[in-house]
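The hints should help you fit chain Z onto chain X, whose structure is shown.
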Amino acid sequence: MIAVLGLVVGVVVGLLIRPEVPAVVEPYLPIAVVAALDAVFGGLRAMLDGIFVDKVFVVSFLSNVVVAALIVFLGDKLGVGAQLSTGVVVVLGIRIFSNAAAIRRHVFRA
Amino acid sequence: MSSEDFTPHEPRQPEAARTETAEMTGRQRLAAGLWPPRVTRAQLVVALLLFVLGLGLAIQVRSTSDDGALRGARQEDLVRILDELDDRSQRLEDEKTRLDAQRRELENSSNQAEEARKQTEERERQLGVLAGTVAAEGPGITFTVEDPLTAVEPDKLLDTIQELRAAGAEAIQVNDVRVVADSYFSGRAGAVEVDGRKITAPYRFQVIGKPQDLEPALNIPGGIVQTLEKEQATATVTRSEKIVVDALRPAERPDYARSSSQ
Numbered sequence: 001m002i003a004v005l006g007l008v009v010g011v012v013v014g015l016l017i018r019p020e021v022p023a024v025v026e027p028y029l030p031i032a033v034v035a036a037l038d039a040v041f042g043g044l045r046a047m048l049d050g051i052f053v054d055k056v057f058v059v060s061f062l063s064n065v066v067v068a069a070l071i072v073f074l075g076d077k078l079g080v081g082a083q084l085s086t087g088v089v090v091v092l093g094i095r096i097f098s099n100a101a102a103i104r105r106h107v108f109r110a
Numbered sequence: 001m002s003s004e005d006f007t008p009h010e011p012r013q014p015e016a017a018r019t020e021t022a023e024m025t026g027r028q029r030l031a032a033g034l035w036p037p038r039v040t041r042a043q044l045v046v047a048l049l050l051f052v053l054g055l056g057l058a059i060q061v062r063s064t065s066d067d068g069a070l071r072g073a074r075q076e077d078l079v080r081i082l083d084e085l086d087d088r089s090q091r092l093e094d095e096k097t098r099l100d101a102q103r104r105e106l107e108n109s110s111n112q113a114e115e116a117r118k119q120t121e122e123r124e125r126q127l128g129v130l131a132g133t134v135a136a137e138g139p140g141i142t143f144t145v146e147d148p149l150t151a152v153e154p155d156k157l158l159d160t161i162q163e164l165r166a167a168g169a170e171a172i173q174v175n176d177v178r179v180v181a182d183s184y185f186s187g188r189a190g191a192v193e194v195d196g197r198k199i200t201a202p203y204r205f206q207v208i209g210k211p212q213d214l215e216p217a218l219n220i221p222g223g224i225v226q227t228l229e230k231e232q233a234t235a236t237v238t239r240s241e242k243i244v245v246d247a248l249r250p251a252e253r254p255d256y257a258r259s260s261s262q
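Chains X and Z, in that order, give the protein sequences. Going letter by letter, the first sequence gives residues 1 to 110 in UniProt numbering. Going letter by letter, the second sequence gives residues 1 to 262 in UniProt numbering.
Okay, chain X solo, but in the shape it has when bound (with noise of 0.2 Å):
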């Protein structure tokens, strides 16, 4: 219950205070959140199994965030940063539709 309040509350904050993202960052933004939620999806399906420990939680969550901005960040650099994030997008676009549909499974028995 607490984490869901913590997502919400998140979401209000960046809608509400509006805080501007250093250019730096910024390329990195879109990957990073997509791969976070990749970790929140296996999260909850690890938690429907039964086998969440919140220590992996946290670190599956910093390290695919960290890897996924090395990867454009790389990317960038070897000058193939548009293919590159458009790959990350799509293979953690494939385990996200994994994770939801072991949820599903949990959740709705079919």
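If you're looking for bench data, these hints aren't it; they were derived computationally from the structure. Since this is a predicted model, take the numbers as computed values, not measurements.
A few chain X residues facing chain Z, derived, Cβ under 8 Å:
#, residue
1, Leu-5
2, Gly-6
3, Leu-7
4, Val-8
5, Val-9
6, Val-13
7, Gly-14
8, Leu-15
9, Leu-29
10, Leu-48
11, Gly-50
12, His-106
Just so you have them, the derived chain X footprint on chain Z, three or more residues with Cβ under 8 Å:
#, segment
13, 29-41
14, 45-59
No residue lacks a Cβ here, since even glycine has one placed at the ideal position from N, Cα and C.
Only chain Z this time, still in chain X's reference frame:
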């Protein structure tokens, strides 16, 4: 997505970590996690991370919707868009230059046409004064001949006209007949006709020209005035700053003569 596509995001935990919840279904675990709210370390940590996620999500959504497509665009895309805009503005600039030139050209030609039309009108008025088809006004004299004895012959009046023309008269009217290049005098004393129209004494010449030239031309010794006085007629010359010659004659189209100039 196949239902057996089992790639767990989280590594499986040792059995000990989930012994007390092992018998619960996923749905029960979800309900237990949601309600009642419990302040545990796991909940707080996850709440913190989800707060960060929500923040990033909101910022990203906001910046994407704020500034349209450009904010999220990559550098090479921006360069391409900039190039396209440059091209486009260059094309528009070219077109503007071309249209400006065209407009100037049209303005010039319409100015020239306007000027030509004005000149033609001016010329038409000047020629109309000579041909007697338009009224004229200007400085000049009024020359009145009283003829109590009806002794003034038409040729005397013709002499008067010749004298006035020689002195630079530009428009002449006798009584209410306009005198032009092909005007003629006929009849006899007392029944003078100009261009076939009868005029009676007193003969009143209205003449536009330079008064200082016209008056002496009539008054010189042995001139018109003296000649007329010999015939017992009285002739008077009056200068005026504004003479109106408003008798008109219809414009006649020549039957045979054609302009030889282009």
